[in-house]
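Asks: Sequence:
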Amino acid sequence: MAGKILIVDDVATNRIVLKVKLAAAYYETVQAASGREALALARSLRPDLVLLDVELPDMDGITVCEALKADPTTRDIPVVMITAFRDSARKMEALRAGAEEVFWKPIDEMVLLARLRSLLRARETAEQLGLRDSTYRELGFAEAAKEFAGQALVGLVAGRAETALAWKRELQGHLDDRVLVLDRETALGTFAGGRVPDVFVVAADLGRAGDGLRLMSELRSRAATRYSSVCVMLPAQGREVAAVALDLGAADLIEERADPAEMAHRITTQIARKRQSDRLRASVADGLRQAMTDPLTGLHNRRYALPHLARIAERAEITGRQFAVMLLDLDRFKAINDTLGHAAGDAVLVEVAKRLRSNLRAVDLIARIGGEEFLVALPDTTLEAARATAERLRRVVGERPVRLKDGGGVSVTISIGLALGGRGARGVEELIGLADTALLDSKAEGRNQVTICRSAA
1 MAGKILIVDD VATNRIVLKV KLAAAYYETV QAASGREALA LARSLRPDLV LLDVELPDMD
61 GITVCEALKA DPTTRDIPVV MITAFRDSAR KMEALRAGAE EVFWKPIDEM VLLARLRSLL
121 RARETAEQLG LRDSTYRELG FAEAAKEFAG QALVGLVAGR AETALAWKRE LQGHLDDRVL
181 VLDRETALGT FAGGRVPDVF VVAADLGRAG DGLRLMSELR SRAATRYSSV CVMLPAQGRE
241 VAAVALDLGA ADLIEERADP AEMAHRITTQ IARKRQSDRL RASVADGLRQ AMTDPLTGLH
301 NRRYALPHLA RIAERAEITG RQFAVMLLDL DRFKAINDTL GHAAGDAVLV EVAKRLRSNL
361 RAVDLIARIG GEEFLVALPD TTLEAARATA ERLRRVVGER PVRLKDGGGV SVTISIGLAL
421 GGRGARGVEE LIGLADTALL DSKAEGRNQV TICRSAA
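Numbered according to my numbering, the sequence shown terminates at residue 457, and the numbering increases by one at each position without gaps.
Hints are computed from structural coordinates only; laboratory data are not their basis.
Ideal Cβ placement from N, Cα and C applies to all residues, glycine included.
Heads up, a few of these hints could be off.
Straight line, CA to CA, 27 Å or less: simulated DSS-like cross-link-like pairs of lysine-lysine [as the list claims (entries may be wrong)]:
(1) K69 to K19
(2) K105 to K19
(3) K354 to K405
Derived CB-CB ranges, DEER-like [claimed, not checked]:
(4) G407 to S221: 53 to 59 Å
(5) I318 to A25: 44 to 50 Å
(6) P72 to G189: 39 to 45 Å
(7) T125 to A70: 20 to 26 Å
(8) T437 to R315: 20 to 26 Å
(9) E373 to P72: 45 to 51 Å
(10) P235 to Q290: 46 to 52 Å
(11) A166 to P106: 46 to 52 Å
(12) E430 to E391: 21 to 27 Å
(13) I318 to S44: 52 to 58 Å
When you get a sec, could you build the whole thing from the sequences and use the hints?
Replies: Pasting the structure below:
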């Protein structure tokens with residue numbers, strides 16, 4: 001995970017000490033002695049992280065941080081600020097300027113390195129999601145619709161309910177979101193309405209040393225809470241716990257003696273990051289769906305259908321059961337387009353797809369693989385059951401006209417070719433070829449009928 005880190009400090013000795021520590025952890029370093037030099041290097045080199053001293057000769061370090069976060073080319077670079085003054089107000093000023101973390105000198109090397117690893121992991125994940133999101137949008141897939149965020153849900157888990165209630169009272173006036181006091185069991189349980197906290201604040205020790213970290217690991221391993229952020233509340237002497245918590249996946253650390261405003265700020269920051277990650281994940285998932293879906297009919301497309309059919313065939317080999325493959329083609333569809341127009345043709349395709357899909361099982365595969373051609377696969381079936389399904393599909397397509405927007409209607413029929421696979425009989429490509437041959441026979445024999453591959457019949 002080693003990356004490039006920009007060290008900004010006007011004292012050469014401080015820069016050298018940090019460089020040695022980071023080099024031992026296999027980080028590449030770049031150094032700047034002033035705020036202006038730091039801004040120039042950050043824009044030109046795009047480091048993976050910036051270690052920024054608050055006190056600089058030419059400009060305040062907090063001003064440098066604000067400039068980095070305001071610039072689109074550097075705003076996503078994590079900034080860790082360092083100061084010699086233990087001033088809570090100054091620390092909050094740095095956090096509000098956009099710094100991901102603030103360390104007081106002397107810096108604990110173990111905690112520093114753990115924090116750097118944590119921030120770089122989070123940035124890498126966000127970049128990967130963002131890259132996929134950008135790729136899908138460049139390919140023409142729409143961005144996922146943004147939902148109204150509303151109040152976030154924050155869960156507080158401490159060893160004693162009184163402690164969590166005290167945290168909740170401290171947050172009042174600083175946090176507008178809904179706050180729940182939870183115990184270990186309710187944190188891992190099912191929440192009303194299926195909604196889980198966006199952020200958990202978990203005490204490092206829940207009665208026994210390390211219980212909080214075990215709970216965090218459990219939360220991150222469960223599907224329902226995997227994407228919730230977890231902030232760990234550290235005891236006064238929590239050096240080793242801090243490093244372990246970060247390496248186990250804690251999104252942030254909060255000291256028990258932290259100012260309520262700082263606690264609220266860290267929670268709010270995690271809420272914002274979680275919502276951004278949720279949006280990116282939703283966009284990626286939506287892009288995947290669009291990549292595998294025919295935009296007109298809403299059915300799966302060829303890109304999805306062929307790999308899925310291969311998995312059906314693999315499962316049939318394991319179970320020793322048969323499966324059926326059908327190719328279906330609308331009869332005289334070109335004439336509909338030529339005489340009634342493409343809008344009418346599209347309406348026919350949409351309605352036929354709807355009729356086909358509503359007459360198949362949930363486990364069956366249906367896809368539009370060509371202009372007016374569909375593929376259907378029936379797992380775990382027999383020849384007799386597949387034949388009956390094919391005849392039912394043929395009937396539901398042709399039994400009533402498709403209604404058009406102008407109030408008129410058009411009668412359509414469909415021809416079907418069917419082949420049976422499984423039990424080591426044939427590969428997927430051969431089955432599709434046999435079903436296609438059977439489909440051509442249906443067309444040649446007058447259309448609007450089902451033909452079964454001769455070797456299957």
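Asks: Give a verdict on every hint.
Replies: Here is how each hint holds up against the structure:
1. K69 to K19: Between K69 and K19 the Cα gap is close to 24 Å, so the pair holds against 27 Å.
2. K105 to K19: Holds, at roughly 16 Å.
3. K354 to K405: The hint holds at about 17 Å.
4. G407 to S221: 53 to 59 Å: Between G407 and S221, where Cβ atoms are some 57 Å apart, the hint holds.
5. I318 to A25: 44 to 50 Å: holds, 47 Å
6. P72 to G189: 39 to 45 Å: holds, 42 Å
7. T125 to A70: 20 to 26 Å: With Cβ atoms ~24 Å apart, the hint holds.
8. T437 to R315: 20 to 26 Å: holds, 25 Å
9. E373 to P72: 45 to 51 Å: Given range 45 to 51 Å: holds, Cβ gap about 46 Å.
10. P235 to Q290: 46 to 52 Å: holds, 49 Å
11. A166 to P106: 46 to 52 Å: violated, 31 Å
12. E430 to E391: 21 to 27 Å: holds, 24 Å
13. I318 to S44: 52 to 58 Å: holds, 56 Å
When the structure is compared with the earlier hints, a violation turns up for hint 11 alone.
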